[in-house]
Amino acid sequence: MKEGRAIMAADNGAPAALEDIQATGALIDKVEALARLCSTLQGASQRVSTESGLNRSRLGAALAEALLARQALEVEARALALVGYRAAARPLARPRRYNRIARRVDNVLDRLGSIGRALVIARSGLWRSSDGRVARLRAMAAYARRGGDPALQPPALFDQDWYLRARADLSGGRASPLAHYLLHGAGEGVDPHPLFDTEFYRQQNAAQLGETGLTPLEHFVRVGAGEGRDPHPLFDVAYYVRQAPDLIASGENPILHYVREGATRGLSPHPLFAADYYADQVARSGEGGAPSLIHYLAVGSRDGLKPHPLFDPAWYRGRYPDADASGREPLVHFLVAGGFEGRSPGPWFDTARYVAQRVEGLPPGCNPLVDYLQGGAWRISEPWLGCPDAGFLDLAAEFAGRPLTPLELWARRGGDQTPSA
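Each residue of the sequence shown is one higher than the last, beginning at 1 in this note's numbering.
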């Protein structure tokens, strides 16, 4: 992916001073300067649309050029933000190798009851607490003694209720769910948290997991998050970090940050999850309470709430029954498989037509709709038959300065109306 190359280039070319956490301040300043440049380009686009007497085609070309430049700056800002985050997170990494002997030790400890299971959890490094070692072990043992209680939540990147929904046989039993995940669940592909997809992480990081022997969640918590590795198809660490400059200074795990405050701040974990758009639907439904993306994965998708103006989970299920039968949540299916198979995300976006227009311009491995949202919209003339981009820009001139694509603008304004209607 083009953005991936930009990130690697920025990382590889970073000065040696980035090894020191103090160097992140300069990166934060540069990211903020790039953000100001993006805002300047947005203002220029607005002035062109409201003050200029250019004809429709020249207006479209002028706006497209400015918006392409803005997107290029955004890609650089995202790359720099990720480099800064990695520098801040590096001192927090806790690498560990888990070999056959360590696995045998944990299996023996598991047979020793709550004390042994507490030691299994302690060895994993997943338990988060500022207490001393003895106090932590006592807390872990107390947790392990309560077994499969769905109402219990350990201080770890582990959602016990979520895990027990997948492994209902453990609910109310004597087995400790967190210890069970470490010893069995990870190998079975069970997800420990709504925002951590075990199989996705395993596929994306097979070599690293093979070298360390760690479970996917252990690897992510110990080293993967700090390296910018994505925990879920719908959680793009680089995309998220760009919106949260405080992470560039703290190096905190991005999922923990999102759950604690990022969702409340309206931050988006992925280009195809429009936080404001989704929050409006939740407010109208009278539901809520959970962080937006967790709400979507737990109930919103099932209830037909749209994570983005251009993705309709109910439409996707109806159009592609085989995708629905796969057991994958529709947006996840579209991101990991459907988009590359030419499937459309909803009535607004024709994937096959877009791919045909982008031709060699579509970066390898990039989902077509993600490409459209991140600059591709300004490189094609007609995202939908009979609706050239210049027409979209002219129709939505009052919104030309907003960081949205033509189809997003039209979808937000038109509700269920499709461009072909």
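Be a bit skeptical, because a hint or two may be false.
To be verified - Pair by pair, the computed Cβ-Cβ distance ranges are:
1) L112 / E341: 25 to 33 Å
2) D169 / A337: 43 to 51 Å
3) A72 / R100: 27 to 35 Å
4) R90 / H184: 30 to 38 Å
5) V355 / H184: 35 to 43 Å
6) E211 / H184: 34 to 42 Å
7) G304 / R97: 21 to 29 Å
8) E341 / G288: 30 to 38 Å
9) A72 / D280: 24 to 32 Å
10) P321 / R100: 25 to 33 Å
11) E188 / R100: 35 to 43 Å
12) A102 / A135: 47 to 55 Å
For the record, the hints were derived by calculation from the structure and aren't laboratory data. C-beta: ideal position from N, C-alpha, C; glycine also.
Taking the hints in turn, this is what the structure says about them:
no., hint, result
1, L112 / E341: 25 to 33 Å, "49 Å, violated"
2, D169 / A337: 43 to 51 Å, "30 Å, violated"
3, A72 / R100: 27 to 35 Å, "49 Å, violated"
4, R90 / H184: 30 to 38 Å, "32 Å, holds"
5, V355 / H184: 35 to 43 Å, "42 Å, holds"
6, E211 / H184: 34 to 42 Å, "22 Å, violated"
7, G304 / R97: 21 to 29 Å, "46 Å, violated"
8, E341 / G288: 30 to 38 Å, "34 Å, holds"
9, A72 / D280: 24 to 32 Å, "30 Å, holds"
10, P321 / R100: 25 to 33 Å, "44 Å, violated"
11, E188 / R100: 35 to 43 Å, "19 Å, violated"
12, A102 / A135: 47 to 55 Å, "24 Å, violated"
Checked against the numbered hints above, the structure violates hints 1, 2, 3, 6, 7, 10, 11 and 12; every other hint is satisfied.
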